[in-house]
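A.B. asks: Sequence:
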Amino acid sequence: MKIGTLISAGVLMLSSMILNSGCSEVGNGRKQTTENPGAIFGEVKSAAGAKMLTPIALRGDKKATGHLFFELSEPAEQEVAVTFKLDSRILDAYNQLNGTGYTMYPADKLLLENNGNVVVEAGKSKSATLALDILPGGTEGATYAVAVSAVATAGTEKHTDNKAFIYLVKPLAAMPEVNAGRKVKNLCYVEVNRESMLNAGEYTMKSDKSPFFDIASVFAANIRLSADDVPYVSCNEQTRFVLDNIEQTVRPLQAKGIRVHLSILGDHTAAGMRSLSKDAARAFAKDLKAYIDIYGFDGIDFDDEYSTYATDQAVEPYIPSDAVAPSIEECTSQRYADLVYESRKLMPDKTIGIYWYAGYDYPVGTVEGKTVDELIDYSIYGYYGKWKAIPADTVSIAKQCPYAIEVTTARGDVKIDDDCLKNIRQNGWGYFAVYDLNNERSYEKEFSRISRLLYDDEVEWSGKQYERTGW
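Those letters in the sequence shown? Residues -21 to -1, 1 to 450, by mature numbering (1 follows the signal peptide of the UniProt record, and there is no 0).
A portion of the hints provided could be inaccurate.
[As the list claims (entries may be wrong)] Straight-line distance between alpha carbons at most 20 Å, and here's what the computed DMTMM-like set of lysine to aspartate or glutamate pairs gives:
#, residue 1, residue 2
1, 164, 446
2, 394, 352
3, 164, 392
4, 164, 353
5, 41, 397
6, 42, 119
7, 30, 216
8, 424, 372
9, 64, 140
10, 329, 266
11, 30, 112
12, 365, 385
13, 164, 419
14, 235, 136
15, 30, 246
16, 42, 295
17, 424, 436
18, 424, 140
19, 443, 156
20, 188, 223
21, 41, 187
22, 105, 119
23, 367, 352
24, 105, 207
25, 185, 398
26, 149, 193
27, 162, 446
28, 64, 119
29, 103, 136
30, 185, 385
31, 162, 140
32, 394, 425
Because the hints were derived from the structure by calculation, they are not lab data.
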């Protein structure tokens, strides 16, 4: 239904607090003044860059979590107390304005952290993020919505004129258990700058049609520093495309039993896995958790490349700050371990992997009594076609991939070392990996060769090929 004379005054009032379905971003809030009566004071936003109506998957009997914050268009002159609330009126108004029929997810299955209370500190424009836990309980296959509004109190003034936010909630079947007996797990890195994640799901085992790949990793999001010197997850246009279309790009793989991870890569700033201070590591882990929760990833893959401490200083000098180490010499593997520890503490049920290739770009040390081997699930040696391992007293061999291959079409024929594959299988190594699966050709022959050596089986290709933006 379009806005018109038939819309009630109540809906007109609520329409200023929501978006029309064609909009992708909320407008800037601005402080209400006598010259600007009825203006929006602030707005509820989602962490992880999630847009209005971002779908959150609720798989099986596991809870899901959204992450919200409140933002003003300019720094607060005094502390602003904010209370989020679940608000079915907002959803009703959205439905009436846009001709939709979303049903509010059951209120008794929704929990706002700290009873929905946060603050925007004086001098700042954003609150801390607040978790919205979504407990299982809806009908599998249905689509629900959760609308959240906010009341902001600044001194004696109370503002209810704030833009609201709506998540969609989609209860799904539990992720199927596949390849349970495998001693060697198989991982695929997909360069989403030019390729589709979906191609990883088109290769299956001949014997039982289970997926060839156990894990597919979105390569990659980045770690950067904000203007306020806070590390955060940054996504380019291509990675953002995957996130904004998560139901089309990732859910089909998970429905087949393939775990999907988000790779985190340095991006030509001082921020990186070996440079963060403990406070910065804690902040980055929290931001990363929001991405993993909201988009429903199964794990994280850290790749300590391209931060300025690892590049040519004549081209990209390392610039220290409060968030990172004072010097390159103080960018250490122990700091990397601190980041992994903070990530594991916040995400105990997620898989954490390490990609390395230089010989010093992996975590080492103990944090709060936890060893690196206890904190991570796997490590991948990424100097393709070569064999190298992390010392077993740092990472056990059952968690290591000492040999991986690149299958980039532009490189010509895929080079496979049978002896390395036999070594992996016969000597207890736990992982194998391929990088840069393309859609320009079939890898059925090469993957069957690998599968015969690792699994005594062959691989079949469906014949389907997906372009980066297609499904």
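A.B. asks: Now look at each hint and say whether the structure bears it out.
C.D. replies: Status of the hints after comparison with the structure:
1. 164 / 446: Given pair residue 164, residue 446 is violated - Cα atoms ~26 Å apart, limit 20 Å.
2. 394 / 352: The given pair, whose Cα atoms are some 30 Å apart, is violated under the 20 Å limit.
3. 164 / 392: Violated, at roughly 24 Å.
4. 164 / 353: 18 Å, holds
5. 41 / 397: 41 Å, violated
6. 42 / 119: Given pair residue 42, residue 119 holds - Cα atoms ~14 Å apart, limit 20 Å.
7. 30 / 216: Within the cut-off at roughly 14 Å; holds.
8. 424 / 372: Violated: residue 424 and residue 372 sit about 37 Å apart, past 20 Å.
9. 64 / 140: Between residue 64 and residue 140 the Cα gap is close to 14 Å, so the pair holds against 20 Å.
10. 329 / 266: Holds: residue 329 and residue 266 sit about 15 Å apart, inside 20 Å.
11. 30 / 112: 18 Å, holds
12. 365 / 385: Since the Cα atoms of residue 365 and residue 385 sit roughly 11 Å apart, the hinted pair holds (cutoff 20 Å).
13. 164 / 419: 25 Å, violated
14. 235 / 136: 53 Å, violated
15. 30 / 246: The given pair, whose Cα atoms are some 24 Å apart, is violated under the 20 Å limit.
16. 42 / 295: 43 Å, violated
17. 424 / 436: Holds: residue 424 and residue 436 sit about 12 Å apart, inside 20 Å.
18. 424 / 140: 61 Å, violated
19. 443 / 156: Roughly 24 Å between the alpha carbons, so the hint for residue 443 and residue 156 is violated.
20. 188 / 223: Status violated; Cα separation ~30 Å.
21. 41 / 187: With a Cα-Cα distance of about 27 Å, the restraint between residue 41 and residue 187 is violated, given a limit of 20 Å.
22. 105 / 119: 35 Å, violated
23. 367 / 352: Given that 20 Å is the threshold and the Cα spacing comes to 17 Å, the pair holds.
24. 105 / 207: With a Cα-Cα distance of about 12 Å, the restraint between residue 105 and residue 207 holds, given a limit of 20 Å.
25. 185 / 398: Violated, at about 23 Å.
26. 149 / 193: 24 Å, violated
27. 162 / 446: 32 Å, violated
28. 64 / 119: 25 Å, violated
29. 103 / 136: 18 Å, holds
30. 185 / 385: The given pair, whose Cα atoms are some 23 Å apart, is violated under the 20 Å limit.
31. 162 / 140: 57 Å, violated
32. 394 / 425: 9 Å, holds
Of the numbered hints listed earlier, those contradicted by the structure are 1, 2, 3, 5, 8, 13, 14, 15, 16, 18, 19, 20, 21, 22, 25, 26, 27, 28, 30, 31.
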